[in-house]
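Listed below, chain by chain, are the residues.
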Amino acid sequence: MTQPVNPAKSHIAPDETAEQHAAFEARIERGEKIEAGDWMPAEYRRQLIRMISQHAHSEVVGMLPEGEWIASAPTLKRKTILMAKVQDEAGHGQYLYHAAETLGATREDMIDALLTRRAKYSSIFNYPTMTWADVGMIGWLVDGAAIKNQTMLAGASYGPYSRAMVRICSEETFHHKQGKEMIVLYAQGSAAQREMAQDALNRWWWPALMMLGPHDADSPNTGIMSKWGVKLKTNDEVRQEFINEHAPELLEAGLTIPDPDLHQDEIGNWKHGPINWDEFWAVIKGERGLGQERLATRQAAHDDGAWVREALQAYTNRQRAVAAD
Amino acid sequence: MTQPQPDPQSDTQWPRWEVFKQDSEKRPYQAVGSVHAGDPDHALLTARNVFVRRPAAVSLWAVREDHILSATPEEVVSHPDVLDTPGEAGAYHIGVKKSHKRSMTFVDLIATVKAGGPGDALRQAQAQHPDALTWVVFADVAIARTDDDAETVESWFAPARDKTYKQQQYYGVIGKHVGELKREGRMPRRTTQEPHVAGHKVYDHPHDQTSEMLRQRAAEVEVKP
Ligand SMILES: [Fe+2]
Ligand SMILES: [Fe+2]
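Respectively, the protein sequence lines represent chains A and B. The working numbering puts the first sequence at residues 16 to 340. The working numbering puts the second sequence at residues 5 to 229.
FYI, nobody ran anything at the bench for these hints, they're computed from the structure. Positions of the beta carbon are idealized from the N, C-alpha and C atoms, including for glycine. Treat each hint with caution, since some may be false.
As the list claims (entries may be wrong) - Distance windows between CB atoms, simulated: (1) P84(B) to E325(A): 43 to 49 Å; (2) S103(B) to D214(A): 47 to 53 Å; (3) G120(B) to A316(A): 47 to 53 Å.
Stated by the list, open to error - Some chain A residues flagged as far from chain B (calculated, every beta-carbon gap over 10 Å): (4) Q35; (5) L79; (6) E83; (7) M145; (8) W147; (9) I239; (10) H278; (11) G288; (12) L305; (13) A321; (14) A339.
Take the sequences, apply the hints, and build the full model.
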């Protein structure tokens, strides 16, 4: 993850030609969507499988921090909303696993990669949810940051990924708004509610900035994937959009953003202070945060679901045997 | 639709099914993606959970990949015998891809024909739509489909629309501070632009609608304590 980009590195595989690459890049240049059966460079396929499957893992692990609060939701309305949101995240994982499958990845291999740590997922989901206000703050900031990234990816050149993103974004907007509504309400509520909202912001602000990825100078995979129309903006551009939208709204809600260096520059961009990347990498590697617990929970869910897969397989076998008679 | 086929020996997956969704009675079935499933019911249930979480739908079809024949004009030139692909005679559905740029679907089903087999159906598709980028055909008998009685349509597809708290329009939270910054010209431009994909606003699914009812519900929940 930390290797620098090698600009001289060729992305043309031994059995591919420069002409094939030129024709492929011309299609992207014309704004065409690449579909599953179309010719594509092996490197485009490989990078997309990596990106889409890690994105899927993030959605699936992303159910855990908030899922813990379903039983403790303060009202039936909030509980209904939270259940719908967590169900949506499961659905997002499904869209994305399906999109990766169109590239030849198998579900079994992707799940195995998650459970054996061959694949990563977003570091944000390794932070604990300490109070009920964390549920609202995650909706406002974490789903808010995810929307910025996913809106960019909705324009990606790979058709199935782009379609999944458009569907996901319309659902994420509900996640974002329900969180914002909750926090704005608490920030204008009783002293205890205000304190809970501020405490949640103190803990989630920096992880939300980090989840949009390393600074552009330290981001090795951006080059070729932006040339191939997948990553249409850099991490820093997306992060700037996120802060520009959220900083004024948090301030309006009466909250204090935990960054003494935060300020607006001449053209109106909100500039943040230095980000603690050591923390980011430690959380990604599982040295800090709840990485172990999250994966253990996923592993248990996978094992507990084995009988469903076996039953479906037995039913399929039975149908085939009947059909063969 | 003609993706590289995994080695059948090493492929441990359930078969792939292409999913076609109909948004309303008057619209064509459109290819929305694929699912892996062991049997027709499993394919339809998975398709419903994956592709109809919000968008409007009245019917879903799932067709197993080995029942679908598809070809591009180039493939018909290089392998003309695809037009002789044998199979059962009967009703066949024809789908075409007409643009490389559409974002939410890539194949619309546009006709049903009587054909002597898949090759013949492909030949008719080519004759009817010589300008298509891809032709897709499959037999009517190969379709796993949701029932079209009112009860099934209601139970499969209505919840996606009726649970209003799942719609973003239910939450009308717009900051006045942000409005002030915008008026004073202190909000950077790009955050005020709605992102678009191929003419659709990304935040609004093309078939979502902001109804007056939803706006009123949003106004009710906005009452501050
Ligand atoms: Fe999500
Ligand atoms: Fe979300």
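Right, here's what the structure says about each hint:
Distance hint for P84(B) and E325(A): a CB-CB separation of about 45 Å, consistent with the stated range 43 to 49 Å. Checked against the hint of 47 to 53 Å, the C-beta distance between S103(B) and D214(A) comes to roughly 51 Å, which is consistent with it. A C-beta distance of roughly 50 Å is found between G120(B) and A316(A), which places it inside the suggested range of 47 to 53 Å. Q35(A), annotated as away from the interface, keeps every beta carbon of chain B farther than 10 Å; the closest lies near 14 Å.
Non-interface call for L79(A) relative to chain B: holds, since the shortest CB-CB distance, roughly 20 Å, exceeds 10 Å. The Cβ of E83(A) lies farther than 10 Å from every Cβ of chain B, with a closest approach of about 21 Å, so its non-interface assignment holds. With 10 Å as the threshold on Cβ separation, the claim that M145(A) sits away from chain B holds: the shortest Cβ distance comes to roughly 23 Å. The beta carbon of W147(A) is kept farther than 10 Å from every beta carbon of chain B, the shortest such distance being approximately 16 Å.
The Cβ of I239(A) sits about 21 Å from the closest Cβ of chain B, beyond the 10 Å cut-off, so the non-interface label holds. Distance check on H278(A): its Cβ is at least 12 Å (rounded) from any Cβ of chain B, clearing the 10 Å threshold; non-interface status holds. Look at G288(A): its CB is around 19 Å from the nearest CB on chain B, clear of 10 Å, so calling it non-interface holds up. With a cut of 10 Å on Cβ distances, L305(A) stays outside the contact zone with chain B, its closest approach being about 28 Å.
Every CB of chain B is more than 10 Å from the CB of A321(A) (nearest about 14 Å), matching its label as outside the interface. Distance to chain B confirms A339(A) as a non-interface residue, since its nearest Cβ pair spans about 14 Å, more than 10 Å.
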